[in-house]
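4 protein chains.
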Amino acid sequence: MIVVMESNATEEQISHMVERVESLGLRAHVIHGTERTVIAAIGDKREYTRESLKSGPGVADVVPILAPYKVASLEVKTHPTQLKVRDLVLGGGTVGIIAGPCSVESEEQIMKTAKAVKAAGATALRGGAFKPRTSPYSFQGLKEEGLKLLATAREETGLAVVTEVMAPDEVELVARYADVLQIGARNMQNYRLLEAVGKVDRAVLLKRGASATIDELLLAAEYVLNEGNANVALCERGIRTFETHTRFTLPLATVPYLQRKTHLPVVIDPSHGTGDRALVASMAKAAIAAGADGIMVEVHPDPETAMSDGYQTLDFDEFSSMMRDLARVAEAVDKKL
Amino acid sequence: MIVVMESNATEEQISHMVERVESLGLRAHVIHGTERTVIAAIGDKREYTRESLKSGPGVADVVPILAPYKVASLEVKTHPTQLKVRDLVLGGGTVGIIAGPCSVESEEQIMKTAKAVKAAGATALRGGAFKPRTSPYSFQGLKEEGLKLLATAREETGLAVVTEVMAPDEVELVARYADVLQIGARNMQNYRLLEAVGKVDRAVLLKRGASATIDELLLAAEYVLNEGNANVALCERGIRTFETHTRFTLPLATVPYLQRKTHLPVVIDPSHGTGDRALVASMAKAAIAAGADGIMVEVHPDPETAMSDGYQTLDFDEFSSMMRDLARVAEAVDKKL
Amino acid sequence: MIVVMESNATEEQISHMVERVESLGLRAHVIHGTERTVIAAIGDKREYTRESLKSGPGVADVVPILAPYKVASLEVKTHPTQLKVRDLVLGGGTVGIIAGPCSVESEEQIMKTAKAVKAAGATALRGGAFKPRTSPYSFQGLKEEGLKLLATAREETGLAVVTEVMAPDEVELVARYADVLQIGARNMQNYRLLEAVGKVDRAVLLKRGASATIDELLLAAEYVLNEGNANVALCERGIRTFETHTRFTLPLATVPYLQRKTHLPVVIDPSHGTGDRALVASMAKAAIAAGADGIMVEVHPDPETAMSDGYQTLDFDEFSSMMRDLARVAEAVDKKL
Amino acid sequence: MIVVMESNATEEQISHMVERVESLGLRAHVIHGTERTVIAAIGDKREYTRESLKSGPGVADVVPILAPYKVASLEVKTHPTQLKVRDLVLGGGTVGIIAGPCSVESEEQIMKTAKAVKAAGATALRGGAFKPRTSPYSFQGLKEEGLKLLATAREETGLAVVTEVMAPDEVELVARYADVLQIGARNMQNYRLLEAVGKVDRAVLLKRGASATIDELLLAAEYVLNEGNANVALCERGIRTFETHTRFTLPLATVPYLQRKTHLPVVIDPSHGTGDRALVASMAKAAIAAGADGIMVEVHPDPETAMSDGYQTLDFDEFSSMMRDLARVAEAVDKKL
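Protein chains in written order, with my numbering: chain A, 2 to 338; chain B, 2 to 338; chain C, 2 to 338; chain D, 2 to 338.
Mixed in with the good hints there might be a few duds.
If chains are identical, the list can't say which one is meant, so a pair holds when it fits in one copy or spans any two.
Listed below are the simulated EDC-like cross-link pairs for lysine to aspartate or glutamate, each with C-alpha atoms no more than 16 Å apart in a straight line [as the list claims (entries may be wrong)]: (1) 336 <-> 326; (2) 262 <-> 7; (3) 71 <-> 217.
Calculated directly from the structure, the hints in this document are not laboratory data.
With the hints as constraints, model all of the structure from the sequences given.
Right, dumping it as structure tokens:
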């Protein structure tokens with residue numbers, strides 16, 4: 002950590018900060034520049050330390066040198082993690098395809114979709130049973146009934162089941178039916194929930210919050226890893242920016258950037274990332290070209306009558322056609338679906 | 002709602018959409034423009050309706066006309082709500098002042114702070130017992146012990162206690178000690194939590210998420226109001242933008258804007274809104290001049306040794322000095338602290 | 002255009018607005034909804050009209066139905082434009098590759114780079130002679146001397162020359178040496194400059210401003226097209242968001258979105274879009290998979306000693322390697338470099 | 002400057018970077034931390050140096066310690082600059098009020114407005130003669146005819162004239178009529194224009210670009226100051242964020258933050274900053290409470306028929322009423338209008 006003093010900091014303030022650094026168990030190293038003095042605080046970084054030093058007298062800024070996350074870091078585990086759940090494989094040269102409706106609506110809907118996406122090459126089925134909705138007046142999901150339908154679809158098709166869990170006290174119930182527990186973007190910093198999914202024997206798909214930084218995403222993953230659950234994949238689903246022509250802005254540079262910082266696999270969700278059915282296939286192709294380890298996409302038998310997210314949902318033909326294109330792009334970057 | 006068709010939409014697509022509109026219980030009114038056709042869908046707005054129409058064939062866009070929230074709306078309750086809890090009054094010409102440390106750390110710390118902020122004119126005491134922290138390695142709060150210390154401070158000073166609750170199954174415990182339940186920015190869309198605080202007899206201070214739109218904030222409030230709890234205040238604490246010289250960007254236009262849309266009181270948090278102790282007082286003054294119904298600010302006996310947020314925390318002298326300034330600004334806009 | 006009245010608008014206000022709409026040469030069509038009245042204003046859209054109506058009494062909002070741009074629109078020219086300048090082809094199944102240093106620094110530097118990028122398959126040479134620099138203390142370019150070096154490199158290699166022009170009174174000079182006039186992101190709304198390049202017989206590469214909306218980008222293009230210059234390509238080079246791990250956020254969804262709105266070719270600049278040499282190749286691949294018509298990338302014999310932008314610049318080996326990968330991805334989406 | 006090496010950087014890479022630092026005329030000071038090595042590069046900062054070091058082998062990041070601007074800095078000139086032009090005073094305890102229409106439209110319009118704002122207490126008249134418009138189809142201003150009308154209004158009222166200049170070759174013409182040359186937000190990084198206004202004997206009001214950082218704003222000011230023109234005021238007029246309920250997001254924390262970094266006066270434009278007439282007065286009050294040295298606001302005899310920006314423009318009564326409120330708030334913070 003580097004403590005940058007104000008240009009008019011007094012010798013007394015500098016001495017005070019050196020003492021503070023040392024009282025926190027770090028070694029202080031003072032460097033007098035031409036206009037400012039900085040103090041290098043040497044030792045293993047702790048978040049508290051930085052906050053604390055930042056409020057000292059005469060301090061202009063405190064610049065961290067080490068990343069705030071550890072277990073998720075590529076410095077700790079130097080080989081990429083390949084996540085395998087039934088047929089779903091994320092990473093290690095394989096691009097996993099997670100497809101299905103936004104919400105589970107009925108047995109017919111989910112069975113038809115499961116069979117269609119399986120036939121087209123998907124390896125996991127997504128579908129919401131507990132739905133976080135912006136408005137209390139929107140459809141909130143079929144709850145446990147929806148989970149049962151997902152489990153039935155898995156029996157028929159062998160697809161791994163990916164579904165969202167919204168509250169700590171629902172984790173056990175959802176884990177009974179699901180293979181992968183999804184943490185939605187709005188819950189990325191719901192720490193009680195992160196701790197709860199860290200304690201069960203299920204893989205976790207952690208979506209990036211719409212305004213979360215990469216450090217915050219990796220620290221959220223760290224909450225899960227810390228509880229002993231190592232099966233975590235990260236999902237970029239778009240950030241909130243000034244752009245309104247898409248629902249969110251999908252920053253694909255997240256893929257290669259994360260792959261240089263963490264060993265966890267990275268999934269892209271082009272459905273939420275664009276909010277526009279006409280853009281989904283292009284962005285899925287781009288995601289694979291950028292190196293994504295998985296794609297999560299919304300598919301429904303009849304998007305127009307879907308109970309949620311229809312405008313960003315592909316129908317079966319669109320999905321099959323996209324899958325053929327994705328296979329070609331994957332091959333061009335030496336990967337396979 | 003206005004369904005805007007693509008410029009090359011066919012007559013068949015237009016007829017199809019008219020039928021869709023009618024099948025959703027709305028009246029359809031077609032208007033042929035010089036370049037495009039639009040269909041006005043007349044009737045009470047429902048969120049699902051919009052999503053559903055948006056995925057129809059030949060549809061370019063669906064423009065909502067009515068706001069998605071109802072109970073929080075100034076159209077439903079035309080007079081501003083004044084929220085009163087013990088000495089804390091938010092709205093109706095009074096600016097409530099909520100002050101205290103980021104985290105409750107010890108009996109001495111909280112008692113000293115409570116007395117100091119009371120003496121300077123604060124009407125409520127803030128302090129975190131359950132702390133949502135970005136990093137799992139940071140201090141997570143004293144939990145129930147912290148709540149007890151807050152209750153003791155209330156006994157001594159009469160200040161209302163404002164503290165955060167993080168999970169649905171902790172609501173009952175926190176409500177036992179607190180007067181106002183704070184929902185943090187990271188939990189603004191934690192719907193299970195919103196429902197839970199909607200069911201208890203405690204006021205709720207709902208903080209805006211760092212990337213939440215105003216509609217999303219009011220819909221989150223609607224989750225609480227819907228459960229029967231009408232004592233809700235909103236808190237602007239800054240949004241995430243490209244600016245890095247402040248921790249967040251504090252958009253004070255939220256104050257007059259919200260006051261034209263909702264009857265709920267609006268509180269400003271200049272501590273999180275700036276993340277910089279040197280900017281807090283200026284922004285508190287500005288907030289009152291903009292019409293805020295309350296100010297929430299971090300105060301600590303010794304910010305430099307605070308266990309969290311020290312860099313944005315005032316000491317007792319700074320707080321007293323700010324309070325004198327705030328009283329003058331309040332008077333200049335015909336309000337009182 | 003749809004004029005949305007406040008829910009409490011009076012009959013008098015509604016009548017007034019109907020008259021206003023008609024006085025602007027539009028036809029007014031009143032629709033009484035269940036809670037609000039809206040007035041459809043029918044006729045060819047004009048920007049002034051909207052602004053003007055928005056300030057009327059009792060008006061809540063004015064929603065445009067037609068896009069504000071015309072000549073750039075796919076509705077006016079329904080086939081994509083293929084831009085050809087010497088060997089550079091943008092669009093129509095061909096991905097043009099524009100490569101070269103950020104700044105022209107010396108004859109040796111530009112000649113070596115031109116030959117290297119030509120050998121690896123580039124079709125145009127980029128290089129700045131007039132450099133817009135954030136700081137007045139930074140290197141400002143070799144000016145006309147730089148233009149001459151670019152022209153020499155073109156003679157040797159046949160590559161088209163792409164270079165930036167910064168002021169209206171420099172257009173003539175730059176046009177004397179360049180094949181494609183680049184308008185930088187900071188000048189996207191420098192209207193005098195747009196008008197000036199619209200009057201010369203040179204292709205124009207218009208970069209999107211870091212906070213420009215898509216409508217603003219297309220309206221900027223419209224300034225050029227309006228003067229009679231139809232050879233315009235658009236370039237996405239990243240937008241400014243809260244993300245700091247990359248220099249800008251590169252939103253590749255711009256590619257398919259623009260291709261649904263405009264006939265102009267779309268180029269992606271992954272160098273500025275990421276600001277990180279380690280991410281450039283991944284994003285270039287992703288851009289082609291997303292459907293980009295061209296790629297613009299910074300290349301230098303020795304990035305470490307480059308006078309500007311070295312941290313986002315590829316060396317010759319990195320560029321050659323990337324080109325081999327790009328050719329494979331292009332083939333996978335049925336295109337060629 | 003601090004060069005942060007990757008955690009796996011080799012001794013060779015470290016030595017290489019030490020040599021690089023020294024070859025740039027800086028002193029290198031190596032610090033071996035527990036996980037990483039950093040190199041402090043001591044000496045006066047130069048922008049090029051940072052860029053250059055950032056692309057070195059094994060370098061993770063380069064952290065600047067000194068601000069990139071100099072002449073604008075409070076470290077160089079430690080007392081705030083008070084800018085005086087005729088009756089307009091910005092800073093030093095006086096809040097200057099610049100008011101007038103978006104565009105000069107006619108003699109009657111500008112004369113009526115000048116007299117009305119003068120009577121209400123304004124000290125300068127604003128009005129656009131050369132208008133930068135997003136669309137080429139919008140009203141582009143009366144040009145020189147508009148400048149003449151402004152000069153006439155000055156003769157009648159004594160108000161200082163503030164008007165925008167858009168291109169280097171128009172500076173001389175505009176300077177012939179105006180007292181203060183305004184650089185619009187879209188031209189904040191139009192460097193030729195900045196250099197041109199730096200060479201004339203007129204005060205400059207430099208507006209912050211909608212996505213410019215504070216460093217970029219101060220570096221733009223530096224371009225003007227560098228040419229010898231010391232009469233520069235900065236204007237915050239809102240930044241582009243994800244918020245759409247206001248035209249831009251007006252971050253008032255810019256006021257106290259800038260006042261800690263620069264000696265230049267800071268003006269707030271609540272008209273563009275909100276884009277909503279109903280929010281202008283609240284934000285003007287807030288700006289003064291936050292410490293602004295000036296307010297720039299749009300006023301028109303009949304906003305509904307204004308040729309531009311009517312929706313954010315006050316009429317005479319609204320302006321007078323606001324001025325009475327502003328005087329009270331100014332007094333509450335020990336200032337005067």
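Status of each hint after checking the structure:
With identical chains, the CA atoms of residue 336 and residue 326 are at most 16 Å apart both within one copy (13 Å) and between copies (13 Å). Taking the shortest alpha-carbon separations for residue 262 and residue 7, only the inter-copy value of 11 Å comes in at or below 16 Å, while the best intra-copy value is 32 Å. In this assembly of identical chains, residue 71 and residue 217 lie within 16 Å of each other by CA distance solely inside one copy; the values are 12 Å within and 34 Å between copies.
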